[in-house]
Amino acid sequence: MPNNNTSDKKIEITPKGSLGLLAYGDLGIIAWKKAIKNSKSTSRNDKKT
Amino acid sequence: MTKKPKVLLIGWDAADWKLIGPLLAKGQMPSLKRLIDTGVYGNMSTLNPPYSPMLWTSVATGKMPDKHGILGFIEPTPDMKSIRPVTVSSRETRALWNIFHNQGLKSNLISWWPSFPAEPINGVVVTDKFQKLKKEQKHPPPLSEASVWPKSIKDTLDALRIGGSDITENHILPFIPNAHRIDQKSSKFLMSFTKILAENVNTHAAATHTLRTTNWDFTAIYYDLIDHMCHAFMKFHPPKLGGIPEHLFDIYNEVILNTYKFQDMMLGRTLDLIDDDTTVIVMSDHGYESGHKRILKMPKYPAAPALEHRQFGIFVASGPGIKRNEKVFGLGLIDVTPTILHMFNLPIGKDMDGKIALDIFETPKAPDYIDSWDLVKGDFGEAIKDPHNDDTRSDSAALEQLIALGYIEKPDEDLGVTVRKTQCDIKHNLARVYKGKKDYAQAKQLLLELVEEKPPVDVIPYYLDLLSLSFSENDYENAEYYLNELKQRNTSFEINTYFSEAKILIHKGQTNAALQMLKRAKDNSPNGEVWFEIGKIELQLELYLRAQYAFEQALSFEIDNARYQHALAKTFLHLANYETAADHALTAIELIKYFPEAHYTLGVALEKLGHEEAAKNAYEMAAKLKPKTHYRAEKALENIRNLKANLNNKYDGVYVKNQITIVSGLPRSGTSLMMQMLDKGGLEILTDHKRKADTSNPKGYYEYEPVMTIHKDNQWLHKAQDKGLKVVAPLLKHLDPKYRYKIIFMNRDLTEIIKSQQTMIGKNKDILPVSLLEAYQKQLTNVDTWKANEPNVELLYVNYSDLFNNASDITKHINTFLGTSLNTANMMATIDPKLYRNKS
Chain A
1 MPNNNTSDKK IEITPKGSLG LLAYGDLGII AWKKAIKNSK STSRNDKKT
Chain B
1 MTKKPKVLLI GWDAADWKLI GPLLAKGQMP SLKRLIDTGV YGNMSTLNPP YSPMLWTSVA
61 TGKMPDKHGI LGFIEPTPDM KSIRPVTVSS RETRALWNIF HNQGLKSNLI SWWPSFPAEP
121 INGVVVTDKF QKLKKEQKHP PPLSEASVWP KSIKDTLDAL RIGGSDITEN HILPFIPNAH
181 RIDQKSSKFL MSFTKILAEN VNTHAAATHT LRTTNWDFTA IYYDLIDHMC HAFMKFHPPK
241 LGGIPEHLFD IYNEVILNTY KFQDMMLGRT LDLIDDDTTV IVMSDHGYES GHKRILKMPK
301 YPAAPALEHR QFGIFVASGP GIKRNEKVFG LGLIDVTPTI LHMFNLPIGK DMDGKIALDI
361 FETPKAPDYI DSWDLVKGDF GEAIKDPHND DTRSDSAALE QLIALGYIEK PDEDLGVTVR
421 KTQCDIKHNL ARVYKGKKDY AQAKQLLLEL VEEKPPVDVI PYYLDLLSLS FSENDYENAE
481 YYLNELKQRN TSFEINTYFS EAKILIHKGQ TNAALQMLKR AKDNSPNGEV WFEIGKIELQ
541 LELYLRAQYA FEQALSFEID NARYQHALAK TFLHLANYET AADHALTAIE LIKYFPEAHY
601 TLGVALEKLG HEEAAKNAYE MAAKLKPKTH YRAEKALENI RNLKANLNNK YDGVYVKNQI
661 TIVSGLPRSG TSLMMQMLDK GGLEILTDHK RKADTSNPKG YYEYEPVMTI HKDNQWLHKA
721 QDKGLKVVAP LLKHLDPKYR YKIIFMNRDL TEIIKSQQTM IGKNKDILPV SLLEAYQKQL
781 TNVDTWKANE PNVELLYVNY SDLFNNASDI TKHINTFLGT SLNTANMMAT IDPKLYRNKS
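Chains as they are written, first to last, in this note's numbering: chain A, 1 to 49; chain B, 1 to 840.
There could be a bad hint or two in this list.
[Stated by the list, open to error] Here are the in silico distance ranges between beta carbons for each label pair:
no., chain 1, residue 1, chain 2, residue 2, range
1, A, G20, B, E552, 44 to 50 Å
2, A, S39, B, D158, 47 to 53 Å
3, B, N617, A, L27, 50 to 56 Å
Simulated from the structure, these hints should not be mistaken for laboratory data.
Owing to the predicted nature of the structure, the values given are computational and were not obtained by experimental measurement.
Ideal Cβ placement from N, Cα and C applies to all residues, glycine included.
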């Protein structure tokens, strides 16, 4: 956990957002894993460029 | 054409209405609300001991643990050299999915506890090993071959798993908004949180994948999210407990409610994946303490955390043929399998302990039965038990979790000791199952074997159960012995010893000493149970207002305790507040439908309020729930029936078969004279003539010695049928409700009675002890109250002085009252006016 103050960033339990993806089950996990993979490859490509 | 049945069973370990209720009201569990609105809901009663693998196997088999064989969290490995989390190998009976396999139906089983190693059924099995993670590892451990069935789906499912480290800030903050304040170096709570969350996300991903990609008839999904979060974080749930530091409370106080919200979110997604023709059941195996009974310092014995499991879990069912928005009662875990088999029009095994919950159906069908599904030959998709299969050997991730939860001890360095302790735990759990089934002989035999164990096996828990068993059997001699054994072992029991010692004192007749002991216990540590015990004694002592206060205090700790509600109902009956008595009895029934005494109390209250027909229904339910043994309910029903035919004078002029004639009153109120009159009139008397005639009673006492100990043993009362028996007023309440009594109660001026008693014991008869006078007045009032609540008792008051002034009328009255034709001349001849001494 980063030690920055996030108390003003109240996040509710809601089907939207990251937690919603987990609650969505297999398709949510697949989408989430894909998004992470893409963001990693994007950041690698960014570094290359 | 009738559609093929389809059932989705969802298990939420430890889900509790106490927490769900407010969330539903605020609209924060919309998916569960949808099911409730379109279906039935109610309490689900747990079994003892409330250990989840035992309970969920009872759910899946319809049988008690002594029959299904899953008897704890762990089991020895087949070579007896180590231990492992309990596996399907220990299950000794077929589960729902085996039966469905045999019947050509397709089942999916997700994370059921236990389900490892996967059984080769027609369908998909994702075992309880699939989702398990290790705390320190970043990624999920490799999946073993036996973790899923069929093996062809292993890689697909494996790719869906995440580890604790995959849980990010965005996942954590909705549960723990102040997570940035956590010092992760000193606190492991966050790591526990991410692990539990990730494991349940894994279960859910496997469930949704299976629901989406397979054709199925039955799916069962088990989540341990609520239970595990409760074990880790319930101590931080509001209201704040005394021993919880403020800063930790601030960080973690929202975890539990947010866990329920997230569980509901997962339910929402699951419901999106099924069609309208699917019957959905959401249930838990037990509840979880969220109030004053939370334990901050767990006793150090295996499975102690289960002490926080509450008796009632939840049950919700919705689907074709299920009633809508209706509360159902009396459901038990063992009823789930028979009910689901019934939904599929399959027969119920007669060897199943559960019954079909017919109340949940709009139009119940007649059930079918077979002797046992275990006797049916054929393919049931069962695993071949192979003791050499390495897959079923030690499982470090699952073991680690059980240790972290406090369900098992850390294995001893000497594995032989660990195996021995495990065997003892299994035997102990079996004894507790027998005790729950009231098979006290088998339970006692196992416990007596266990107390012979040598250290490091701790025998204290076995003695505790022997003690409680002795109380169940009314064996106070052994109870005292086991209590002393426990004390000698120098352990601190505190409140438990108070209860046991108080019970023993009561049995010895030292009721006030017992009351004082419990009051001290209450001052040390007030709780619902100690107030309840205090109330019970005060009720017994006929201190009704005090008893009312004590039971109300008990309820202030635990409002939904059916025993407390019922005790208060009984107290209000004695206080002649029948409306309030009915309210509390109804609340008790709402909590536990199968509570015959509460139905009976409700019947009495309704009868007093003049609602005869409703009272009859309540009595009928009491008698039905306790067939052939709820004598008061049976007698009350007889009364209602007879009253209809003979409204004014009940049993006057009617000799009731086998009636027992009792002569009662305060000592020296003329009871011996009345006994003599009945004797001379021709009624056979039950007496042993042990107490000889003397100057106080020159014609004899007509006593029967066992009456003096009737509070301990009233089994001999059958000898008094069709006879006369003398019982002094304070002992009337110990009469066995099995019989019908006609009581001739002698009334005499209290001053005369006391004067006569003073003379008898050689004291100055002109000094009147006021306290004794008040005590006698109270006793007479209590006889009235007692009689009012006893359906099997008729009572005729006879004034002692009238015997001397109006004997003719009195003897006639007695004959009418008893329904006899005693010789009145002989009766009158026994009245000797010279014996009327100590007139006021």
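We went through each hint and held it up to the structure:
no.: 1; hint: A:G20 to B:E552: 44 to 50 Å; in the structure: holds, 46 Å
no.: 2; hint: A:S39 to B:D158: 47 to 53 Å; in the structure: violated, 23 Å
no.: 3; hint: B:N617 to A:L27: 50 to 56 Å; in the structure: holds, 53 Å
Comparing the model with each earlier hint shows a violation of hint 2 alone; every other hint is respected.
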